[in-house]
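Colleague: So the chains spell out like this:
Number of protein chains: 6
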Amino acid sequence: MPRVITFGEIMLRLSPEGFNRLFQNDKLCATFGGAESNVSVSLANFGINTAFVSKLPQNAIGEAAIKTMRYYGVDTSLITRGGNRVGIYYLEKGASQRGSVCVYDRSHSAIQEACDSDFNWNDIFRDADWFHFTGITPALGENISNICKNACKIAKDKGITISCDLNFRSKLWTKEKAKEVMTEICNYVDICIANEEDAKNVFGIEAKNTDIYSGKISIDGYKSVAKQLFDTFGFKKIAFTLRESISASENKWSGLLFDQSGCFLSKQYFINIVDRVGGGDSFGAGLIYSLLSNKNNQDAIEFATAASALKHSIEGDFNLVTLEEVNRLVNGDGSGRIQR
Amino acid sequence: MPRVITFGEIMLRLSPEGFNRLFQNDKLCATFGGAESNVSVSLANFGINTAFVSKLPQNAIGEAAIKTMRYYGVDTSLITRGGNRVGIYYLEKGASQRGSVCVYDRSHSAIQEACDSDFNWNDIFRDADWFHFTGITPALGENISNICKNACKIAKDKGITISCDLNFRSKLWTKEKAKEVMTEICNYVDICIANEEDAKNVFGIEAKNTDIYSGKISIDGYKSVAKQLFDTFGFKKIAFTLRESISASENKWSGLLFDQSGCFLSKQYFINIVDRVGGGDSFGAGLIYSLLSNKNNQDAIEFATAASALKHSIEGDFNLVTLEEVNRLVNGDGSGRIQR
Amino acid sequence: MPRVITFGEIMLRLSPEGFNRLFQNDKLCATFGGAESNVSVSLANFGINTAFVSKLPQNAIGEAAIKTMRYYGVDTSLITRGGNRVGIYYLEKGASQRGSVCVYDRSHSAIQEACDSDFNWNDIFRDADWFHFTGITPALGENISNICKNACKIAKDKGITISCDLNFRSKLWTKEKAKEVMTEICNYVDICIANEEDAKNVFGIEAKNTDIYSGKISIDGYKSVAKQLFDTFGFKKIAFTLRESISASENKWSGLLFDQSGCFLSKQYFINIVDRVGGGDSFGAGLIYSLLSNKNNQDAIEFATAASALKHSIEGDFNLVTLEEVNRLVNGDGSGRIQR
Amino acid sequence: MPRVITFGEIMLRLSPEGFNRLFQNDKLCATFGGAESNVSVSLANFGINTAFVSKLPQNAIGEAAIKTMRYYGVDTSLITRGGNRVGIYYLEKGASQRGSVCVYDRSHSAIQEACDSDFNWNDIFRDADWFHFTGITPALGENISNICKNACKIAKDKGITISCDLNFRSKLWTKEKAKEVMTEICNYVDICIANEEDAKNVFGIEAKNTDIYSGKISIDGYKSVAKQLFDTFGFKKIAFTLRESISASENKWSGLLFDQSGCFLSKQYFINIVDRVGGGDSFGAGLIYSLLSNKNNQDAIEFATAASALKHSIEGDFNLVTLEEVNRLVNGDGSGRIQR
Amino acid sequence: MPRVITFGEIMLRLSPEGFNRLFQNDKLCATFGGAESNVSVSLANFGINTAFVSKLPQNAIGEAAIKTMRYYGVDTSLITRGGNRVGIYYLEKGASQRGSVCVYDRSHSAIQEACDSDFNWNDIFRDADWFHFTGITPALGENISNICKNACKIAKDKGITISCDLNFRSKLWTKEKAKEVMTEICNYVDICIANEEDAKNVFGIEAKNTDIYSGKISIDGYKSVAKQLFDTFGFKKIAFTLRESISASENKWSGLLFDQSGCFLSKQYFINIVDRVGGGDSFGAGLIYSLLSNKNNQDAIEFATAASALKHSIEGDFNLVTLEEVNRLVNGDGSGRIQR
Amino acid sequence: MPRVITFGEIMLRLSPEGFNRLFQNDKLCATFGGAESNVSVSLANFGINTAFVSKLPQNAIGEAAIKTMRYYGVDTSLITRGGNRVGIYYLEKGASQRGSVCVYDRSHSAIQEACDSDFNWNDIFRDADWFHFTGITPALGENISNICKNACKIAKDKGITISCDLNFRSKLWTKEKAKEVMTEICNYVDICIANEEDAKNVFGIEAKNTDIYSGKISIDGYKSVAKQLFDTFGFKKIAFTLRESISASENKWSGLLFDQSGCFLSKQYFINIVDRVGGGDSFGAGLIYSLLSNKNNQDAIEFATAASALKHSIEGDFNLVTLEEVNRLVNGDGSGRIQR
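Protein chains in written order, with the numbering used here: chain E, 18 to 357; chain V, 18 to 357; chain L, 18 to 357; chain Z, 18 to 357; chain H, 18 to 357; chain R, 18 to 357.
The following block holds chain E by itself, in its conformation from the complex:
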């Protein structure tokens, strides 16, 4: 079975109950999540052998993060222990015209303060077939972006496929810094994943005729974006998630996959949102699973899009759907009927 290594930060996620605002009452729901760990959990749910690499402190919060990943079947044996804290993000769910609010309290986390010697990539990549991370990882700081580059280099040498979700976070770094670092890193990347804004934010490459705030998306625009990305970085494949935000409660969702053979557009889903955090990560996992399963391009983008459409119906960061559920949706049953 193929083995996928992901590298990044897992945080404690604190959310108020239902649609309450943060601290509207005294209850918080404590779960864990973070882009790369979300991908690993999703892959484990699809039956893929996957390990998450990070650094977590020797305290009750670090313990719980590891146990939670283990609960979902992720190999946590490669996680370095040490450092002072688990990063936190507060997530308040939006509704209708009110957007979700994300408050980061992630500075000084163990992974942000990790150093080169915390990770032995030759050991980590033993038996690995795929290496995945997102733009959040290098955004955590100079030390981490260097570690990340180094990891890419070693992975490349070992012939491991490298995928990267651009995942721009304006609260972590500037567009200028992102462009500088990601340009260097993307030279190692085989599979590039992005949402409808990332290419513009990170590389200044914009989809024409697309205004994400008004919900209009132009496929032609994305073709031109893909072409520029292919030309610049020599990616093997580029995949986009296309979110049309009607409101915080309702979105349209589809996916686009490009490679040298052409452009593959998935079905579009109209989504009643339960929790949209991790939507992009579940798409990435769906895509990795599809490519590891040797699906063709159209099937791959359909699977990735269906998997991530379903994620929007799941509470928390992790995409807790089964292979069977994704396949049922890919095969056309999005009616939400009960099986009994």
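Take every hint as true, because none was put in to throw you off.
Identical copies carry no separate label here, and so any pair may be met within one copy or between two of them.
Within a straight-line C-alpha distance of at most 25 angstroms, the following computed SDA-like cross-link-like pairs (lysine to any residue) qualify: (1) Lys188 to Thr339; (2) Lys175 to Phe247; (3) Lys194 to Gln356; (4) Lys188 to Asp350; (5) Lys166 to Asp135; (6) Lys196 to Arg357.
Since the hints were derived computationally from the structure, they do not count as laboratory data.
Position chains V, L, Z, H and R relative to chain E; hints supplied.
Modeller: Below, chains V, L, Z, H and R without anything else, positioned relative to chain E:
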């Protein structure tokens, strides 16, 4: 006041909070429900004298099931006590493209292991005007389908109206077995109730031009189904619920009633779903109430459909709406405004 | 900074969890709210100096009401202490075709039994720029409507702007009584606020071609209503909220502002409702804020409508959105995207 | 089977979670209770036929009160419907040195505003063997104390046994008023029940050498109290609960029964308190059950004391223990071991 | 690192919130537990390599049971998948004189219906050093007791240490059957663990001068029990937990260890109980850990007793305390002070 | 009315429900607390004018901390806004032999990174009569200990009474560092407050014959400690809390006050603990209140001890008891009886 006897299984229903998946956290909501008990509760809410007949064990779970029915005004004095367990079903609420999940743990329940001598139908039917059950009851096992047939025979002899909701459950029996048993039972039935799939599943009679997964429903198709059912069983009336599943969050819902005088189609409701379990049962109860109240066919189907549309906004199996609320909707106010 | 005085009743609000019916289980959510206190909290959230005037008993419930207002930054130092009880309202959230249910248990509250000497309006209005109340306050009883008239007289003498939201409540008084009292009071009022039903209910002035239950609203009809109100009372401005109730889950929402210079219609929002109680109050607060901030008429109605559209996404009576969130929506971002 | 009628008020009880103070957060637990309804529920749990007589409004709160009693097997068919509100009491659980806090909001309840014609005692007492009420019922107001006296008169004429728990409530009436009214009523009473303070509070008859706040209780003192009560009212039996309050978390609890044949003291229990409200009511119910079951005096006081000791381990007003559990404790097993 | 295999049933445990009775409200807390799985979790918490052997169905409940064990670090790879259901036990927490209630709904579970071929003991015992099970496992049925005997035989052959906790369950089998089966099995056992009742219940060997219901325990009595057990079965060591049940809230707890060198009595703890289920299992795990760590007899019994004393302060079946916490208590700090 | 300024850190406190371990499930209770803010809230509850000085960030967590203090009547207008984060502490409640666990995640909080210019002490102390802080404040870092010294100097100049609770925290600094800094600061202090360990930890001054882990406390030992402290620092008064930790569930609690006139020992309370965090702070607040109210030494120590005994029955850091409740306990009623 007319008296309605229902016969079947009531189960413990265990559901995670909100849109969580089963066991996503450690909280379960414990309520009770089951097709026939749902009908009795609904009738009691409309002011009808109704008793539920079943078998429940002498333990805390059996006690709670009985008390809950009593809470809602159902006569529980005809329930036989004994046996080993209350059946359980786990219900995970779906959302958007993710369908609800129903996991049965109902084998070996007291009612499934009941025997003939557990029920004295001559006593049970004293003062009764109506006998209702669904296709789930005979599907519980050979012993129960025999008891059910016997009950029908005695009810028939006493001139009691018999209604049956076909309610096919593929996890309980095969289509072949269902056809065999239900064909015999339906000879006793006066009022047949079915959803958009039952006639096909149970009797192989399919509505033309209807694909429930794509959400297309053809009234003409149902006319032909009704005709075949009338011809085969001599029902007095046949009623269908017509669910168009847009997704697990949004459905369209309407009802169709047939008798010799023609076909009566209700208004169609666009529904934002809170909990769709028990939707069909609330339709059955609405129809029984309507017919006991001597409503004409159009009024009857409108009442049954409005009652069951409202059920979709209620948590749990039971339809906890009042007569006044159903009548307000029948009279055209589906605006959801607050009265204050 | 301008200072706004509001006068009315704050109640304990008891709501079941989620979409449960009242007493469907044993959990109630206890918050506080009431039209005028809602306006004060909303203004305080926008940074306005505001005090709420009322009477509350010397017990744990009165204490909690005061502390809660203080939590949100409202000046509670003008509240008279005494009397026997805090009024209660039970609020059951509706969904789809099932409307919300509001059960009042507010008789004999401290404010309802207050007397003239409980309020020294000369002191209360020291440093005040604006006085706001709604039609609920005079509806609490003869004593309160007299206190309210007296307060208006003194405010008028002091050159304080007076705003009144007609807010008709059929459970508190008859249309006839409302017309009699509100006619007298409205002579003092500068800014009149109403929803799509109030003018008809209170003054018998009806918008032509509008049927709120079918969701059709005619702007021309409201122009004629406004004209009649201007002619009768000499208001400086009149503002309407226009709710088109598709169902308890989905509404359309817009606002209309009239003054001698013309009619100003806001953008319309399609709303997925979290909690619609206090929607009108948040509109009133948005309007008061806009006028105190010297916004022009179009900007004022846009701000008030956006603020109140956002209220529908907030649990409880109070509109807990920030100035920044309202401005973002006014500026066109209703996409509900996460900022991160 | 004997039939017991109880008469009084059932209230909505609102309690914060766990040991939180009132309104420390926004969650309240909503249950129902009141002295006489508590007795009826307890008797129903012991298998006794019992009906509760009261007046409750036609709204969601009145409905829920009735349904809750029905849940526990109490006959609610004698309850008059009407009036405006269900009384409320807020109950904050104490711990250690901090006593429980009870805030009443019960004025103007339906039963408090009931009139003579609301109850047809000749009908109510049909088939009745026992009539029970407590000192709270006459304390509700002049009208209710008159109704209560009248009920006693009719019960006496019909040869029905009358029991009364003195249950003094200083928040409802003065000691002087209590003495005046209860003196008249006690002339009809056969079985008098009181706690360690009631005889002193109501009749000024004090147990010597007893200081309930220091936790010292003298049996001899109670003998003298009993003698005086026998002499004044001619009761057949007098029973006392003896609570030694170590703290809000730990109490000692025993019972004393007197009749002409002597004084019978129960075993004393050391109690870790879960919820002490309704402790006295559960004692009354235990005593009534015992006497209806023809237990001898010692067995009766042991049963009543054991039943009420167990009540302290149950959340809410109602004593939800089974006959079997009480008998096990009477027979000496208070070890709290699990049966498995 | 030594490796411990445990074999038995893991069940879904459903408990009401706090001290509520079963179904007193609609909330249940869903966790997992069972004697042998409890031992494995406890050992994993102490850092021991441990695998749990059982059979669990391919459904959401079986999945969750496995994931939960994995969360706590137990190797679940030896669990056979199949069968129909996960057994359930309802656990209502007692308080004061009211004992905890345990309702079993465990018949027909996957493990109860397992057959010989479901387990390949030669594979299972690869690398194993210790085999542990309790008297519950053979009590599950003839098939399981045979599988258990067979496993013992193979373990014996491989030189694996075998420990058995007698754990008599009267709801699973009779004393006669237990004696017959356990006598045969105990011939394989090296380390015998029992509570204060088991030797009497299973083998009819009673500690003199001990009445567990009155809370009196005689060490001399246990010496004689141990002697008889040694003589009959040739155990290497016998350990007893000694529970003195003051009430469901307060217990005294100590341990006794015997081998040929003598009798070793632990310190006794006065315990305020949070949850006593799994107390014995945590003792067994503590003992196994101690013996695998080569502690001397006195240290071993102190560790096992301290570990299990701490278990009583933990919610759920599993003993979630750390090695460090047990050692701190062993070293005398039971003051419960906060470290900060 | 006297005005008390407190200075320190307020943190977000995250606790699992009930007696669950941290992250045992996904629910956390989010409140706020910290030594000095606890004192301010307590004083506000007693009716004292009090302001809390600190630095808190401009985000949702900082907002909530301020609003919460305002809710309880603390003047928050002197709080500096800025910095990056609110410190967090995770608090897991202990029981029986298992101690509470406190995990700090407070590094890099806004107050820890505050600088001199963040506080204008001349403004802050306007109208102030008393300045209170604890040893935690200077332990936050060099910058804060300097700010604290400077504040003391200015307070001294203005003739403001200064109180300091030694409050040693080993997770914040070493004993050596604490001794160095506190020695300097204590020269400004008038009233010194300490628990049974602080004098030893901070100044190496130990009470003879006292072993806090075994629960033995010697008054004579404390006399000698007090003498040494008086001699070294010239305090006006020294007060000790004396906690005898029987277990995490049960403590004994008393207080000792020294001044030149002698030694005053309070009554001792046996406490069933709900939440012991903030016990010392509530003692400090009780003492400050007593001295500001001119109570004599004996009355002062009785009030402070009673107030803090009651704190142990309150969830969260804050002592939410009323003056009346403390006075009732001082006057001897610790029986925990309900007033009704």
